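Asks: Each chain is listed here by its residues.
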Amino acid sequence: DAGVIQSPRHEVTEMGQEVTLRCKPISGHDYLFWYRQTMMRGLELLIYFNNNVPIDDSGMPEDRFSAKMPNASFSTLKIQPSEPRDSAVYFCASSGTGRPETQYFGPGTRLLVL
Amino acid sequence: QKEVEQDPGPLSVPEGAIVSLNCTYSNSAFQYFMWYRQYSRKGPELLMYTYSSGNKEDGRFTAQVDKSSKYISLFIRDSQPSDSATYLCAMSEGNTPLVFGKGTRLSVIA
Chain A
4 DAGVIQSPRH EVTEMGQEVT LRCKPISGHD YLFWYRQTMM RGLELLIYFN NNVPIDDSGM
64 PEDRFSAKMP NASFSTLKIQ PSEPRDSAVY FCASSGTGRP ETQYFGPGTR LLVL
Chain B
16 QKEVEQDPGP LSVPEGAIVS LNCTYSNSAF QYFMWYRQYS RKGPELLMYT YSSGNKEDGR
76 FTAQVDKSSK YISLFIRDSQ PSDSATYLCA MSEGNTPLVF GKGTRLSVIA
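Protein sequence lines, in the order shown, are assigned to chains A and B.
If you read the first sequence in our numbering, its first letter stands for residue 4, the second for the next number, and so on.
If you read the second sequence in our numbering, its first letter stands for residue 16, the second for the next number, and so on.
No lab work stands behind these hints: they were computed from the structure.
Bear in mind that the values here come from a model prediction, so they are computed numbers and not experimental data.
Just so you know, even glycine gets a beta-carbon here, dropped at the ideal spot from N, CA and C.
Mixed in with the good hints, there may be bad ones.
Unchecked claim - A short list of chain B residues far from chain A (calculated; beta carbon distances all over 12 angstroms):
#1 S27
#2 Y66
#3 K82
#4 T101
#5 A105
Stated by the list, open to error - Below are the BS3-like pairs computed for lysine-lysine, each with C-alpha atoms no more than 27 angstroms apart in a straight line:
#6 A:K71 with B:K71
#7 A:K81 with B:K71
#8 B:K71 with B:K57
#9 A:K27 with B:K17
#10 B:K57 with B:K17
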């Protein structure tokens with residue numbers, strides 16, 4: 004299995020631009036998680052899906068952030084408009100049925116907003 | 016008080032040393048306890064998984080959970096330079112999202 008796939012791996016953009024991060028979970032996994040990691044705050048859960056349905060988005064920092072999962076093999080995290088404080092590493096993770104605690108992480112997208 | 020507390024380090028040890036990494040937590044409902052290892056510029060990878068209290072051993076790694084003290088530990092025996100990474104503890108009540116510690120950065124010096 005290829006594992007969790009994220010794209011792009013690096014993104015540099017200017018403040019105010021729209022940023023779209025993409026994730027392909029491990030085939031057969033029905034949980035998908037989006038995290039943000041910074042030195043100051045560590046790894047923070049933004050939102051998670053179960054069977055393509057958003058379950059908890061309380062970690063999404065504000066309305067500028069949105070996430071979708073149109074099917075079992077694809078999810079996006081969008082930031083519009085982006086701000087410098089959004090600079091972080093964004094991880095996607097997936098886990099299997101009944102095992103949301105055993106998560107497999109992707110390589111992350113390193114985002115820099117200038 | 017944060018739900019999960021973890022000393023960020025950095026922790027530097029000589030090769031071959033026994034390493035002890037720890038986390039404390041406040042939520043007594045946590046039942047699942049994990050340790051993730053994260054190499055620089057990589058995603059976290061699941062290293063150890065423990066349900067409820069007790070010990071679990073896997074090669075050079077031992078995970079301990081003391082629910083009465085709300086304290087978990089990861090021991091690394093015969094540490095190697097390849098063990099240099101950030102170690103994150105994570106916990107869950109079960110069928111709920113993981114709550115992560117901030118991670119302890121470990122360097123094993125050859």
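Asks: With reference to the structure, classify each hint as holding or not holding.
Replies: Evaluation of the provided hints:
| no. | hint | result |
| --- | --- | --- |
| 1 | S27 | holds, 19 angstroms |
| 2 | Y66 | violated, 9 angstroms |
| 3 | K82 | holds, 16 angstroms |
| 4 | T101 | violated, 10 angstroms |
| 5 | A105 | violated, 8 angstroms |
| 6 | A:K71 with B:K71 | violated, 38 angstroms |
| 7 | A:K81 with B:K71 | violated, 40 angstroms |
| 8 | B:K71 with B:K57 | holds, 25 angstroms |
| 9 | A:K27 with B:K17 | violated, 32 angstroms |
| 10 | B:K57 with B:K17 | holds, 25 angstroms |
Hints 2, 4, 5, 6, 7 and 9, counting from the list given before, are not met by this structure.
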